[in-house]
Amino acid sequence: MKNKRMKIARVERDLSQEQLANKVGVTRQTISMIESGHYNPSLKLCLAICQALNRTLNDLFWEE
Amino acid sequence: MNKFIKNQKTILIYNLIFGLILLAAGIIFSLNNVKILPDNKAIIALSLMPFGVALSAIINLALGRKKPHSIEKVLIRNNDERIRKIKHKAEAKTLQILSWALSIVFFGYTLSYPSHAFTNPIWWSVFAFMLAPDLLSVMFEIFYSRKECLPE
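First to last, the protein sequences are chains A and B. Residue 47 in the numbering used here sits at position 47 of the first sequence; the count goes up by one each step and never skips. Residue 40 in the numbering used here sits at position 40 of the second sequence; the count goes up by one each step and never skips.
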């Protein structure tokens with residue numbers, strides 16, 4: 001399932017996939033795959049992404 | 001990045017020391033006609049291995065200074081959890097295939113030379129190599145599961 005909320009949060013902070021990837025210490029491909037729903041990140045990486053985008057886990061990763 | 005430089009410096013120092021010890025031992029043994037091996041050239045040749053590792057550490061350090069961006073990219077690639085997961089899967093598969101191959105070699109060897117069974121040291125070596133991957137993986141499984149359960 002695509003993670004549109006993460007993509008929107010990233011774009012709102014005016015970050016490219018590459019910039020976000022550098023901030024959290026992964027490759028751009030990993031960020032791309034998380035956004036397209038092809039990779040399930042670990043909790044550690046989810047937290048790093050949340051901190052980088054200044055959002056909570058609920059905001060970005062919780063599915064209703 | 002600092003951790004990378006520190007690691008490379010440690011690798012460089014240890015390998016230089018090890019290489020110099022081997023080289024000095026080889027030269028001293030040759031000059032004094034001390035025969036530890038049939039030919040002392042072998043000790044000198046072995047010193048090339050740590051020197052090679054030291055050279056790669058020097059190249060990494062130079063690259064880290066000249067092009068820190070490219071080294072950072074390599075570090076990110078090495079630490080990316082998705083890529084590490086793929087690497088671990090590939091390594092696990094390789095170990096499984098090697099384990100099967102060793103089993104085939106062991107069966108083939110035992111069937112081809114039945115007289116070697118339980119008597120020949122080569123048979124015991126092949127037997128040990130066949131069992132090692134399974135035994136070691138169980139041992140490491142126990143070790144890591146205990147380590148993960150330990151309170152910090």
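Mixed in with the good hints, there may be bad ones.
With a cut-off of at most 35 Å between alpha-carbon atoms, the simulated DSBU-like pairs for lysine-lysine come out as follows [what the hints assert, rightly or not]:
(1) A:K7 x B:K73
(2) B:K41 x A:K23
(3) B:K73 x A:K23
(4) B:K35 x A:K23
(5) B:K35 x A:K44
(6) A:K2 x B:K89
(7) B:K85 x A:K7
(8) A:K4 x B:K89
(9) B:K9 x A:K23
(10) B:K89 x A:K44
(11) A:K23 x B:K67
(12) A:K44 x B:K85
(13) B:K35 x B:K147
(14) B:K87 x A:K44
FYI, nobody ran anything at the bench for these hints, they're computed from the structure.
Tested hints:
1. A:K7 x B:K73: This hinted pair holds, its Cα atoms lying about 23 Å apart.
2. B:K41 x A:K23: violated, 51 Å
3. B:K73 x A:K23: holds, 12 Å
4. B:K35 x A:K23: Given pair B:K35, A:K23 is violated - Cα atoms ~58 Å apart, limit 35 Å.
5. B:K35 x A:K44: violated, 57 Å
6. A:K2 x B:K89: Distance of about 25 Å is within 35 Å: holds.
7. B:K85 x A:K7: holds, 24 Å
8. A:K4 x B:K89: holds, 29 Å
9. B:K9 x A:K23: Holds, because 26 Å separates the two Cα atoms, which is no more than 35 Å.
10. B:K89 x A:K44: holds, 20 Å
11. A:K23 x B:K67: Distance ~19 Å between A:K23 and B:K67 Cα, so the pair holds.
12. A:K44 x B:K85: Given pair A:K44, B:K85 holds - Cα atoms ~14 Å apart, limit 35 Å.
13. B:K35 x B:K147: Outside the cut-off at roughly 46 Å; violated.
14. B:K87 x A:K44: Roughly 19 Å separates the two Cα atoms, so the pair holds.
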